[in-house]
Amino acid sequence: NAGVTQTPKFQVLKTGQSMTLQCAQDMNHEYMSWYRQDPGMGLRLIHYSVGAGITDQGEVPNGYNVSRSTTEDFPLRLLSAAPSQTSVYFCASSYSGGTHEQYFGPGTRLTVT
Amino acid sequence: AQSVAQPEDQVNVAEGNPLTVKCTYSVSGNPYLFWYVQYPNRGLQFLLKYITGDNLVKGSYGFEAEFNKSQTSFHLKKPSALVSDSALYFCAVRPHVYNQGGKLIFGQGTELSVKP
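Chains as they are written, first to last, in this note's numbering: chain Y, 1 to 113; chain W, 1 to 116.
Chain Y with its partners taken away, still in its complex shape (with noise of 0.2 Å):
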């Protein structure tokens, strides 16, 4: 199994520009989730979902879109970046039931200036 795969592994966006973090798991986990992490803040959920067709927003979901048609991909969409969203992004799956603990991908270095 490859896990949790994401692309691109670096980005430089200028403001206002557009882009999509891709992320897929071939673990069939039903749960995924994408974070944001910041010096000193930790890790800060963005959007979550449950499983295909259905997302919810998380704490800092401003900003970001996502869709998740397939249990495999949950794309996130930056609609037009700003300087703070400048951060590393970590897209991580689990399964539904048993265990509970998340499979983290290797992340996303964005940068916006």
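In short, the hints are calculated from the structure, not lab data. Warning: the hint list may mix true and false statements.
Unchecked claim - Simulated crosslink set (DSBU-like; lysine-lysine; CA at most 35 Å straight-line):
1. W:K69 x W:K49
2. Y:K9 x W:K22
3. Y:K9 x W:K69
4. Y:K9 x W:K77
5. W:K69 x W:K103
6. W:K77 x W:K49
7. W:K49 x W:K22
8. W:K58 x W:K69
9. W:K115 x W:K69
10. W:K115 x W:K49
11. W:K22 x W:K69
12. W:K115 x Y:K9
13. W:K77 x W:K22
14. W:K22 x W:K58
15. W:K103 x W:K22
16. W:K103 x W:K58
17. Y:K9 x W:K58
18. W:K115 x W:K22
19. Y:K14 x W:K103
20. Y:K9 x W:K103
21. W:K115 x W:K77
Stated by the list, open to error - Output of the computed footprint for chain W on chain Y, the stretches with three or more beta carbons under 8 Å from beta carbons of chain W:
22. 32-41
23. 78-86
24. 101-107
Glycine included, each C-beta is placed from N, C-alpha and C at the ideal position.
Start from chain Y and add chain W according to the hints.
Relative to the frame of chain Y, chain W by itself:
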């Protein structure tokens, strides 16, 4: 509001000494508690979890954690630290609520430095 606190930004330990990384939480109901480790420029790796049962849980790489309900704490411990344990450690809680399984609340992280 549900929250997790890691009161120490950094913990310094000599190799071979015991280590403790502290975590307290505030959540309604019975929590699911987790510890993750992050090595430089890597994603988070799962270390251990408390769901129910024995208050002392054992995890990967010789780490363990003790759940204390009265003190709402879930401190991470290891009897003998290694230099390779140096990393960023995160405590997290999952609300024990239907259909919130994709939602973890993280502490701010504690940088563990183990010196030879």
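Structure-based check of each hint:
1. W:K69 x W:K49: holds, 15 Å
2. Y:K9 x W:K22: holds, 32 Å
3. Y:K9 x W:K69: violated, 40 Å
4. Y:K9 x W:K77: Roughly 33 Å separates the two Cα atoms, so the pair holds.
5. W:K69 x W:K103: holds, 21 Å
6. W:K77 x W:K49: holds, 13 Å
7. W:K49 x W:K22: holds, 15 Å
8. W:K58 x W:K69: holds, 17 Å
9. W:K115 x W:K69: Status holds; Cα separation ~33 Å.
10. W:K115 x W:K49: holds, 27 Å
11. W:K22 x W:K69: holds, 14 Å
12. W:K115 x Y:K9: Distance ~31 Å between K115 of chain W and K9 of chain Y Cα, so the pair holds.
13. W:K77 x W:K22: Distance of about 9 Å is within 35 Å: holds.
14. W:K22 x W:K58: holds, 16 Å
15. W:K103 x W:K22: holds, 22 Å
16. W:K103 x W:K58: holds, 23 Å
17. Y:K9 x W:K58: Holds. K9 of chain Y to K58 of chain W sits at ~33 Å (cutoff 35 Å).
18. W:K115 x W:K22: Distance of about 19 Å is within 35 Å: holds.
19. Y:K14 x W:K103: Roughly 30 Å between the alpha carbons, so the hint for K14 of chain Y and K103 of chain W holds.
20. Y:K9 x W:K103: holds, 23 Å
21. W:K115 x W:K77: Distance ~17 Å between K115 of chain W and K77 of chain W Cα, so the pair holds.
22. 32-41: holds (count 5)
23. 78-86: violated (count 0)
24. 101-107: With 7 residues close enough to chain W, the hint holds.
Hint compliance for this structure: hints 3, 23 are not met, and every other hint is.
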